[in-house]
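Student: Residue numbers (my numbering), protein chains in the order written: chain Y, 1 to 691; chain S, 1001 to 1275.
If you're looking for bench data, these hints aren't it; they were derived computationally from the structure.
A hint or two may mislead.
[Unchecked claim] Taking CB as the label site, the calculated pair distances span:
id: 1; chain 1: S; residue 1: N1097; chain 2: Y; residue 2: G212; range: 42 to 50 angstroms
id: 2; chain 1: S; residue 1: N1097; chain 2: Y; residue 2: L122; range: 14 to 22 angstroms
id: 3; chain 1: S; residue 1: R1242; chain 2: Y; residue 2: D46; range: 29 to 37 angstroms
id: 4; chain 1: S; residue 1: I1020; chain 2: Y; residue 2: R108; range: 33 to 41 angstroms
id: 5; chain 1: Y; residue 1: I67; chain 2: S; residue 2: N1097; range: 13 to 21 angstroms
[Said to hold, decoys possible] Partial list, derived from the structure: chain Y residues whose beta carbon lies under 8 angstroms from chain S:
id: 6; residue: P97
id: 7; residue: H111
id: 8; residue: L121
id: 9; residue: A125
id: 10; residue: S194
Don't be surprised by glycine CBs; every beta carbon is placed ideally from N, CA and C.
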Amino acid sequence: MSNESRGRFDSKTTHYLRPDRPYVCGRSGSPCSNGPTVVGTCPHRDDRCEPRINEGHLRKKVHRWVILLFLGGVMVTLASADEDGKPFQQKLIDPGPLSHVHARFDCRDCHSEEINSWSALLASAWHGGKDTVGSEGCLECHQQGEHAKYAHGVSPKELRSRSSFNDVEPFEDQTECTVCHSEHGHGNSQQILSDSRCQACHQQDYDSFRSGHPEFSDSYGNRDRVISFSHSDHFLRHFKNDSSFSPNTCSACHELEPATGSMSVKPFEVSCGQCHSEDIYKSEPFQFFAFPSIFGMELLEEEGMGAGSWPEYIDAVELTPWTRRWYQNSEMPEEFAGLMESAEIEAEPGNPVRAKQLQNFAMEVKRAFIVDMANDLADWIRKLLPQKSRDLNKQELAKLSGQFPIALLLQMQQQWFPELDVELNRFTKGLAINVMPEDELAGSSVEEDQIEKKDNSSEDSPVEEGDLLAEEDDLLTEEDDLLAEEDDLLLNDEDVIDEELVISSEAEVKDEYSLQEIATGKKWASLGGWYEQDGVIWFKTVQHADPFLMAWIHAELTHGGEDDESSKILSILLDEKGPGRCTKCHTGVSKDSTQAHWGIKDDPLEEKYTHFSHAAHVFNDDDFLCTSCHTPRETPSPKGHDWFPVRMDACTNCHGVEVADGCTLCHQYHASPQIRQLKASKLNIFGSKEE
Amino acid sequence: MNLRPPHMGILLLVLMILIIFQWFYEDAESRLVNSAFTSGWFLFGSFVALAIYGARKRVPFLPIGKTSYWLQLHLGLGLVSAYMFLVHIEFRIPSGNFEGQLFVLYSLILGSGFMGWLLMRAIPSQMRSDGMESNRSRIPDELDLLREMSDRGVKEIASTETSSDILNTYFEVIRPYLHTSCGLIPSRIHPDYGVPRSLVDKIQDYVSPAVLFSSEQFTAIHKLVQKKAMLDRHAVFQRWLRGWLFIHVPLTGVMAMLICFHVLLIFGFSVGEAK
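This is chain Y alone, in the form it adopts within the complex:
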């Protein structure tokens, strides 16, 4: 290329701005030959001009200054550490506020505290951020169970069983919480599951809810029945006959539960109780506690092995399962195993071994009984409970006791064992315990035998001489008594004369009052509760949802296990015609289950994949009635439902195409029951516990 000047177009002499010259002379018309310096100053001392900057050069300068200013700002900010001296916990890199539920969190709650320098940040970035806490940090508070990171938070096997896949492998992928839940200003993290994320697994292809969505299952809208109630039967039969109790609206018996948005049945007193409250009191009482009959107690005394008083019954008595539990838990010796199974025990004449066994058994029962009387009610109830439920708290024990009164216990003791302490003391001392009069005994009593033996064996005893004298005194006393009786006879003659005079004057008036006509225990307990009848302790249901019955059913279902007595107790309590007639209506309570489902309640352990709130669908509008979605059926389904299942049409009839509003409108990802369970907080509000 030629170095010759190109005249007015030469880049070094022209006025025109050229990229290779940052400044040009500011003189118009006649620029100076050497032009301004590279820094933009005029070289002339006189007649100086103002050089003009090249546009490209100006752009470079601006660019350079902007970048330098920015870099300077960043360096200054990064160099200024926070109070803890950790540069990466400062506001420059603050990624935004946390959601309100995590508002009080510190960076270190989720992120590794080790990332506090450039080198640590680079190392963490290089290793893919494995130093951060991750999902494990979330799960410390948000309990999701052991399958938290699996799909829907349930075990792969459980999920596979709900699907058409045979292989469990597709369900074994794990997902981090942050894939769906974002923090730092990402708004409400509740509704962040997009349809495409659902379709990562659920790949059935359809256009919308109206078009192609699978129909609801046949059980939708009809939960498993736990109460046997027939709408059709009531409306078509009972209410037709007597319309006075016919409800006008569904809300007469049903109400919305605001917390869950589900519809429930109103309390018994408001709904069923209007007609059926009397049924509770018509139910039969049941035998709670009674000792077995021992036939032939006199044979024991004849054998010299009397056991004192023992309950005598008019009718045949049952050995209740509670009594058997009482035996088992009273530490009765093994040798009585056979006796403890029998409601009727018989003594055998001429069998002293049997007599001795029965005597020991009877006295052992009395010993246990008197021990119970010395303790409290809670101890007594514990002896009637299955082994696994001994550590129940007092509130539960109170329900199980039915507030059994001490007066009834004393009454039973008076009736069963009136000389309980005397008999036990004599038995302990090896003395005879006879109830029958001596003259009724066929042979000599044990006591007489003992006395005779003592007379024969020790005639020289000074003490016994004294006793003989004492006996003589007793004979004298008896003579005095005979004289006194003669006086009484004389007196009685006078009384007889007086009484004849009274009767002659009031012969026509009958006695109006008599203690012989007081109510029996059963009659008196017409409103329920404890009572005694014919030597047996009975209980009659007091009210609907009787706490005593419910507590026993709950205790036996949850703790009874394979216990025979538990099975018998449940057979008594859950009999359809038994106490309270519970199972006539409550079909959700069965001796085969381990939990009593008294009402239509959400099962806390059930996995939930959908959600629906009646709260958003119940209006005071004649166009939106319960029957808009729930269609009654006159003939119940095989499962006993008298409503047709809710169909998709119920949704689309009202919502139209708008119902196609995404999967999460009705479905929920976290199906695991753990998500609905609150983790107990570490309560230390007064600093009572050391950290």
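Fit chain S to the known structure of chain Y by using the hints.
Tutor: Quick look at chain S alone, frame taken from chain Y:
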């Protein structure tokens, strides 16, 4: 506004990039992985591709397509990257300090680029409408020359018998106008006199504009004033045509550095893949 039809090949290329991005993003969503990483890397790639346009201008000798095609690709990618950016930030305004700065910076770059495209489509036709062609770098010289000629012209007027009002008007109004900068907003031109309306208003304080501009003695200066008005108008348009680059280009450099820092922070503080 002069809108050119896009080059079909470039249009198809941009559409293909958009479809590929969407496919990868949907795939990430469906695989239950953090789709922000996918959109982030695509955004990073688009940013690099956009920046290459600037580098392309520095190597004009390489046979890698016309600059006009590159500009169309730059514009198309700019629009696609705007979509990627919105997807990446999940259609929300970031609330974090650093992310907020990135958001503002990106918005400024995108906005300035869009504004530049609008200006380049709209201004040239406006400049051509007055029939004058100007070289931006010559305008200062031409204005100097114009001022010199004006001063000479007024000396000739002063040497003849003339109204003092005309001279007063020249020295008080016309001459200061000839020495003022063009500013940033083009003046509104009076349809009868071809000079700025603001100037006509000021002249009215001294003399009737109709008298002044109809004076034969003042005809030469009138033409100079008209030329000054046109040169100013062109200078203003030139400023707008180039001015947006003083925002677009420097901020792009800043953005490049912030993106690197953003990537470092994201990987440093991210949870990582499921174990």
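Student: Report holds or violated for the interface hint on A125 of chain Y, using the least CB-CB distance to chain S and a cut-off of 8 angstroms.
Tutor: 4 angstroms, holds
Student: Does the CB of S194 of chain Y sit less than 8 angstroms away from some CB of chain S?
Tutor: 7 angstroms, holds
Student: May I ask you to test the hint 42 to 50 angstroms on the CB atoms belonging to N1097 of chain S and G212 of chain Y?
Tutor: 46 angstroms, holds
Student: Answer holds if the nearest beta-carbon of chain S is closer than 8 angstroms to that of L121 of chain Y; otherwise answer violated.
Tutor: 4 angstroms, holds
Student: Could you tell me whether the CB distance from R1242 of chain S to D46 of chain Y stays inside 29 to 37 angstroms?
Tutor: 34 angstroms, holds
Student: Taking 14 to 22 angstroms as the hint, is the beta-carbon distance of N1097 of chain S and L122 of chain Y inside that range?
Tutor: 21 angstroms, holds
Student: Just to be careful: measuring from the Cβ of P97 of chain Y to every Cβ in chain S, is the smallest value less than 8 angstroms?
Tutor: Holds, because the Cβ-Cβ distance from P97 of chain Y to chain S comes to roughly 6 angstroms (cut-off 8 angstroms).
Student: Regarding the hint that H111 of chain Y lies at the interface with chain S, is the smallest CB-CB distance below 8 angstroms?
Tutor: Given a least distance of 6 angstroms, the restraint on H111 of chain Y holds.
Student: Please test the hint of 13 to 21 angstroms on the beta carbon pair from I67 of chain Y and N1097 of chain S.
Tutor: 20 angstroms, holds
Student: Given the hint of 33 to 41 angstroms, is the C-beta distance from I1020 of chain S to R108 of chain Y inside that range or not?
Tutor: At 40 angstroms between Cβs, range holds.
Consistency note: the structure conflicts with none of the earlier hints.
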